[in-house]
Amino acid sequence: MYLEHSFIALLAFLSFTISWTRNVFMSLMYSILLYINSFVVLLSLGFEFLAIINVLVYVGALAVLFLFVIMLLEIPSTELRAYYRGYSALIIPFFGIYYYARSFWLSNSTILTFIPTLESINSVGYAFYIVYADVLVLNSLILTIALFGALVLAHSQSN
Amino acid sequence: MLWYSLIELDFLISLIIVIVYGLFSLRCKNINLTDVYFISRLLPITFIIGFYVESCNTVFYPSIDLLVAILTSIVMGSFRNFESILLLLLAFVGNIFMLHSIDFMTFFITLEAQNFCFFVLCALMSSKISSSFNVEASIKFFVLSAFTSGVLLYWFSHIYLITGCTTFSLINNFFSIGEAGTYVNSTSFFSYFVLCALLFKLGAAPLHLWVTHIYSGVKRNLLLYISTIPKLSLFGFWFNNFQTTVSYSSVLLFSLFSLILGSFSAYNQPALRSLFAYSTINEMGLMLLAVESAGFHALFQHLGLYIISQFLLWNLHDKNLFSIVALTLAGLPPLAGFFGKAFIFWHASTVGLFTTLLVALICTVVSLVYYLRIIRLFYNASSAISLRFLHYTGACSIRRSMIIQPTNTIYSMETRVALTSLCVVLLFFLPIFVIKPFVCFA
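Chains as they are written, first to last, in this note's numbering: chain A, 1 to 159; chain B, 1 to 442.
By construction, these hints were calculated from the structure, which means they are not laboratory data.
For each residue, glycine too, the CB sits at the ideal point set by N, CA and C.
Among these hints, one or two may not hold up.
Computed spacing ranges between beta-carbons, pair by pair [said to hold, decoys possible]:
| id | chain 1 | residue 1 | chain 2 | residue 2 | range |
| --- | --- | --- | --- | --- | --- |
| 1 | B | Ile162 | A | Ala89 | 17 to 25 Å |
| 2 | A | Tyr100 | B | Ala180 | 54 to 62 Å |
| 3 | B | Ser132 | A | Tyr100 | 58 to 66 Å |
| 4 | B | Ile16 | A | Phe94 | 46 to 54 Å |
| 5 | A | Asn122 | B | Ala146 | 42 to 50 Å |
| 6 | A | Tyr84 | B | Phe264 | 55 to 63 Å |
| 7 | A | Val124 | B | Phe264 | 45 to 53 Å |
| 8 | A | Ile53 | B | Phe264 | 44 to 52 Å |
| 9 | B | Ala146 | A | Val64 | 31 to 39 Å |
| 10 | B | Ser169 | A | Val124 | 19 to 27 Å |
| 11 | A | Ile97 | B | Glu136 | 26 to 34 Å |
| 12 | A | Gly86 | B | Tyr160 | 41 to 49 Å |
| 13 | A | Tyr83 | B | Glu136 | 30 to 38 Å |
| 14 | B | Phe264 | A | Ser123 | 48 to 56 Å |
Given these sequences and hints, build the entire structure.
Given below as structure tokens:
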């Protein structure tokens, strides 16, 4: 029980440290940790499909995008730090509310554990690969068109 | 469902083979790109003929996908780029699967396939003088189309919320009790909005704003593509799969809007392109009137005549014949356009839409003015500068377009003469074939 509650508390702590650190790269690392943490919390609630999509989109696309932005653009971290006005302290009331409200919800019947029923993955897998399998193949056509189109347009601009 | 459509999905493998074949022409000296063009022009027709060879029909019944295949392979002839031919093939796959789709999911996916191909083609086909027009038109159409797809998905998800299934024929089995104990179809309200997304792609007013931008900004071969194949595949989908299974209220509002806007907005247009964009919107209003009065034979007849006239319009370099084609779009009697329109009006009068018929007739008369103005311009301008050729100039005025030298043409002179004479013969002799319904009905 305390494991799951500590994961939820870690969500709040990580969102605090994202804006509190002075290093831009560490901020990105904390955000990746936050996404993976949300993955674990969603899994423990039973939303497997949403958890996987979360990690796929946030870590796989967005965090990589921010990583490339940090790598390729020279971010003047001192200038960024100059705009920091201490707004990461906004998380502290939420810490307090969470720990205050936990005592109301904490009873013998609310058990927050990881029960691997895998219902949503089962339903999504059935729909994806059995009912709508031909639509999935047509989706690959759309991805081909999008990829091909992006490459062709980029190439013709450089010509 | 995958195993039923596996044979059609194997067409995607043949697309990959065509791509690899085209890529080999970069490395190997013996493989010429013209061979690749020939194969890719043949590919749609061989795909569709496979259906006919495999079937047990004793009578040859031409279906809409055969027409789409033939049109695609004809339109591919005017593109000289390998990427554009490939995009046309990919759009062809989207067209065929949309003509055979009975499910909202496949309808959406295949519609998006066609849209994507058109975005990329729009931005690709740019000449030196109008490249920013192309990109601007492409971005406008992209944003509007993305918004329309969002609307389509939203109402589709509403239908799924109520019924729990996505197939067209199953969603009509859900009824709720309306006023006075009558049964009301639960999903017809939402299917109407899905239809609106389809009407956006057709270019019906009030969703017509992208048509003028696209028509002004792109090259002529792409304009040939956009006026013929998406309209045919969308109307084919509507007739085959949508209107028999999904119930919706009427499209009369769109038809009226398109007729009025298409005929009255064309008055101030200085450029030839936007004039014909509004004439397209006018024609779409007529087609929607045909759909509304359930005259689908009239619809496809007029659509076929419209496609032939679009072929002539965007391929002609001779201005006299151009003006004759403009006449058939206007609907003057000896040419075939008249019979297409007259048949649609006859169907509308059968159903009883007399006010709409009156509005359509007024709009036809009103639109005659600018068609005749084209003829007057092209026949009288020879006093100033003798000009036998029309030149693609993008969004500039008719006056300026007359002071230009002839361009390098896509076809040689012989094929152009052959294509022109074939289409003119069709337009002059087709009335003999289409006048028969009037003799029978009189």
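Notebook entry, point to check: What hints, given by number in increasing order, does this structure fail?
Noted result: Hints 1, 5, 9, 11 not satisfied by this model.
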